[in-house]
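Single-letter residue listing:
There are 2 protein chains.
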Amino acid sequence: MRWPTRVRLILPGKIKFPFVKEGASFYQKRLNHYFPFGIEEKKVPKGKDQAVKEKEGEIMLKALGAGSYVIALDERGKSFDSLSFARFFQDLLEKEREIVFLIGGPFGLSEKALRAARLRLSLSNFTLGHEIALLVLLEQLYRAASIISGEPYHK
Amino acid sequence: MRWPTRVRLILPGKIKFPFVKEGASFYQKRLNHYFPFGIEEKKVPKGKDQAVKEKEGEIMLKALGAGSYVIALDERGKSFDSLSFARFFQDLLEKEREIVFLIGGPFGLSEKALRAARLRLSLSNFTLGHEIALLVLLEQLYRAASIISGEPYHK
Numbered sequence: 037m038r039w040p041t042r043v044r045l046i047l048p049g050k051i052k053f054p055f056v057k058e059g060a061s062f063y064q065k066r067l068n069h070y071f072p073f074g075i076e077e078k079k080v081p082k083g084k085d086q087a088v089k090e091k092e093g094e095i096m097l098k099a100l101g102a103g104s105y106v107i108a109l110d111e112r113g114k115s116f117d118s119l120s121f122a123r124f125f126q127d128l129l130e131k132e133r134e135i136v137f138l139i140g141g142p143f144g145l146s147e148k149a150l151r152a153a154r155l156r157l158s159l160s161n162f163t164l165g166h167e168i169a170l171l172v173l174l175e176q177l178y179r180a181a182s183i184i185s186g187e188p189y190h191k
Numbered sequence: 037m038r039w040p041t042r043v044r045l046i047l048p049g050k051i052k053f054p055f056v057k058e059g060a061s062f063y064q065k066r067l068n069h070y071f072p073f074g075i076e077e078k079k080v081p082k083g084k085d086q087a088v089k090e091k092e093g094e095i096m097l098k099a100l101g102a103g104s105y106v107i108a109l110d111e112r113g114k115s116f117d118s119l120s121f122a123r124f125f126q127d128l129l130e131k132e133r134e135i136v137f138l139i140g141g142p143f144g145l146s147e148k149a150l151r152a153a154r155l156r157l158s159l160s161n162f163t164l165g166h167e168i169a170l171l172v173l174l175e176q177l178y179r180a181a182s183i184i185s186g187e188p189y190h191k
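In the order they appear, the protein sequences are chains A and B.
With this note's numbering applied, the first sequence covers 37 to 191.
With this note's numbering applied, the second sequence covers 37 to 191.
Treat the hints as calculated values from the structure; they're not laboratory data.
Just to be clear, a hint being listed does not mean it is correct.
Below, in silico cross-link-like pairs of lysine to aspartate or glutamate (DMTMM-like), each with a Cα-Cα straight-line distance of 20 angstroms or less [to be verified]:
id, chain 1, residue 1, chain 2, residue 2
1, B, Lys50, A, Glu58
2, B, Lys84, A, Glu58
3, A, Lys148, A, Glu94
Which stretches of chain A does chain B cover? Using the computed rule of at least three CB atoms under 8 angstroms from a CB of chain B, they are [stated by the list, open to error]:
id, region
4, 56-62
5, 105-117
6, 121-132
7, 171-180
The beta carbon of each residue, even a glycine, is placed where N, CA and C say it ideally should be.
Please take these sequences and the hints and turn them into a complete structure.
In structure tokens form, the structure reads like this:
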């Protein structure tokens, strides 16, 4: 089945690594079979300081609809195994109108963006580069959608 | 600096996803600046049953040199944060002649292959597809090498 819930993934800036771009479009097509799914690369100011991170966060937050269920990737967040994440995600698909994932840039998400999230999600004990984190998240969404739909999905 | 320790990553079969192939060769080149590094895709029998997994394990074990330090990826294994993994890996680079990572196929590693390992390493609480696991491991090796070398490495 295809759920009506819109699922969005918001990133600050363009994906840089060509292999990550390809992987993202691979999963984007597949996820779109299960729900309307989009990856949004927001234009953000360049730079490395705290002010830029704040600005980035504001731009990402402005893109949110009212009443979206926001999940922020955060190393210090909650971790799941794939089955419990699938169950949690299924519950959201059944209840929410829009689910938005926020991924930070190389310096993470601003405090404001983190505070806007209903869930802070950790993908690994390792610190993952944000582009690798994107691939891991996409694969988990695909895995969750397959599990919820009762389709075989092997490692 | 470039360490003399040889680091090998052994997989059963060819990498399938084109974006993972690209990502693997991206990291392979970079890792090779720090130590002699190779990814070996071993030819294994096709199939899904336990006998094939055993056979796969045997082929991977046959590729090991005497005295290699073997690390097997295993969901139920030990997890690290990036800094402690870098410290652990540095210690291996200083002491060992050869470090070998074993990654299982879609059905994981055989018991025999797991038992041959000095360390079972878990990358995430999530079950990762073995090709995504490969990218996560490669990025952590690159991150570890950068940390050990005192180079800046941001998320």
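To see whether the hints hold, each was checked on the structure:
| no. | hint | in the structure |
| --- | --- | --- |
| 1 | B:Lys50 with A:Glu58 | holds (19 angstroms) |
| 2 | B:Lys84 with A:Glu58 | violated (28 angstroms) |
| 3 | A:Lys148 with A:Glu94 | holds (8 angstroms) |
| 4 | 56-62 | holds (count 4) |
| 5 | 105-117 | holds (count 3) |
| 6 | 121-132 | violated (count 1) |
| 7 | 171-180 | holds (count 5) |
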